[in-house]
Amino acid sequence: MTSKLKQIKDWPWLVLSPVVIFVLIGIFAPWIMQYNPAAQNYDATLQGPSWQHWFGTDYLGRDIFSRIVGGARISLVAMAIVLVAALAIGVTIGSFAGYVGGRVELVLISVIDIALALPSLVIALALIGILGTGYWSMITALTLAWWANYARMSRAVVTAELQQPYIEAARVMGASHIWIFVRHILPHVLGLVVVYASADAGALVLAIATLSFLGLGVAPPTPEWGQMLVDGMSYIEEYPRLVILPGMALTLVVVSFNLLGEAFALQKVPRPVRGGLLRKRRRARAEEEQARQAAERKAASA
Amino acid sequence: MTSQVEPLYAINDLVIDLYAATVSVRAVDGVSLHVMPGETVAIVGESGSGKTVSTLGPLGLLPEGVTVDVRGTAKAGGKDLVGMASARLSQMRGAYFGVIFQDPISALNPMLKVGPQLAEQARRFCGLSHEAARKEAVSLLARSGIPDPEDRYNRYPHEMSGGMLQRAMIALALAARPKVLIADEPTTALDATVQAQILELIRQIQRDNDIGVILITHDIGAVASVADRVVVLYAGQVAEEGSVLDVLTSPVHPYTRGLLASVPDFRAEDRVEAHEIPGLPPNQIKLEPGCRFAERCEHVEPQCRVERPPLRTIAAPGTPHRVACPVVIRREGIAVQ
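Those protein sequence lines, which keep their order, are chains A and B.
Just so you know, the working numbering puts 368 at position 17 of the first sequence, and the rest follows in order with no gaps.
Just so you know, the working numbering puts 775 at position 334 of the second sequence, and the rest follows in order with no gaps.
One chain only, chain A, in its complex shape (with noise of 0.2 Å):
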């Protein structure tokens, strides 16, 4: 428990500070707004930044800081929703196929590489052409396309370790297919698969805020970062702020995903140590040794 502590204390909690702030952002939203984000005053359009709104008003009068708030709880839940759907169904099929192998895996992965053929986006479009534009229908239409890559990279896992001496060993001493593939395989398989899911989270919420930003996704009253870019983007002359602040949000998170990603991904690899750590250790290294030196001279000389 202490080393897993200590692995996170060695983490870059600077860069990756967006990700938290973002993520207790969302889960507080409804206390840290002051102002519905949806409510208007036409009393107070275009306001700059000011002690009453902390980030200004748009065009209606909404306060802006209410609705990045707003919008991070959106993103994150949106997010959030995808990411668990795309996994289960990605690793359970990709898995499947891997595990179960022949024909079952022939067909499952031409499923998987047609989903892979067509951008995530182009279906995305697609299926809420059918479904019709909303937020479920958004939710749905992402799932769809983000699955298979998961799908893909399970299969890999799978196949992979099917071939390992330890799953050999626990077919000799007599597991069953289900114990080895909850005990032996799925470790490895979500082992990667979310570490590569905390990179892809950013390109997500990139990707809500793009539905939202054509008109797709989350509907105009709910406050949602991609429309606070389409809403800002008349006035982008006299009031950068407007698409600013909301794009500000949207490249920290992202870019700060990316870093969680790869800090996971590296999370292992064991590095050298450095800097302070390093002159203590070899301080007491060096005080170590002359105390055995002292003790060695003491003892010839007696």
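These aren't lab readings, by the way, just hints derived from the structure by calculation.
It cannot be assumed that every hint is accurate.
To be verified - Heads up, simulated EDC-like pairs for lysine to aspartate or glutamate below, C-alpha to C-alpha not over 16 Å straight-line:
1) K727/B - E638/A
2) K631/A - D510/B
3) K727/B - E639/A
4) K576/B - D589/B
5) K649/A - E729/B
6) K727/B - E640/A
These numbers were taken from a predicted model, which means no experiment stands behind them.
Please build the complex by placing chain B on the supplied structure of chain A, with the hints as guidance.
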């Protein structure tokens, strides 16, 4: 030992500290050893006794992801490898030292054919042309005892057996015509029948080229069959060194004796059971005074725990026989020189 011939590789008072994320390990604690031209030195010891780190460490071949501090000297070809710039060190590794690793299957690149891997090495370090390097590689394969070398040249590693690959590895190590060949447990991953062939091959190559060989092993049989001298390492320190005959037939250090007694002798009439040394090797994280073997030693005396036993040369004509155990030397009345 003739004094006018310089050793090919001489490690002196080498200390290697490894700093990993949570621990500092004194992997090598004041080791001195050398190889003369035409000589095979076996380095024997348990896992973690510093066999590999002490010989390959000065060459910069150390595990990734740890910080390494090296003190002492490691002279090769008139130059000190400790503190040498990594580019020059890399040149030394290819040209002066050949290294054979334990697992030939993972030491050769599975994506490339075996022959070209050899030819590339010969081209880089001996300045041969493409065609000459190819000829050289085929002849190296032939000299390494690989039948039909022309055919094997175009084979991939997975098409060859472990023994064949180890022969190819030896050919690769020799491709740059090194002066020193370091064999790091070259027979551990091989069949018993192939082991003897590989050892014989190493011995023959050494005789033909008059190179120095360092054989890192825990196989006493291998030591007896090919080595001239033996260095026994324990917990990063030299316990005993001397000619194979001296060390294997009249060991002095209690650890060497225990090590030899633990080899089962199935030719013995009464089939005495193999002995074991009680306990485990000490952890090398803490530096403690005294003999590292004291905890497991049957001859232990109070002074063993406080005083580091000096390496003493005991009577031996020719190759000096040196032992780091004053207690046994005194008790058995062995003459010290």
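Comparing the hints with the structure gives:
1. For the proposed pair K727/B and E638/A, the alpha carbon gap of about 11 Å is at most 16 Å, so the pair holds.
2. Straight-line distance between C-alpha atoms of K631/A and D510/B comes to about 14 Å, which keeps the hinted pair within the 16 Å bound.
3. A distance of roughly 8 Å separates the Cα atoms of K727/B and E639/A; the hinted pair therefore holds under the 16 Å criterion.
4. For the proposed pair K576/B and D589/B, the alpha carbon gap of about 13 Å is at most 16 Å, so the pair holds.
5. Pair hint K649/A plus E729/B holds up; C-alpha atoms about 14 Å apart against a cutoff of 16 Å.
6. For the suggested pair K727/B and E640/A, the alpha carbons sit about 10 Å apart, so the restraint of at most 16 Å is met.
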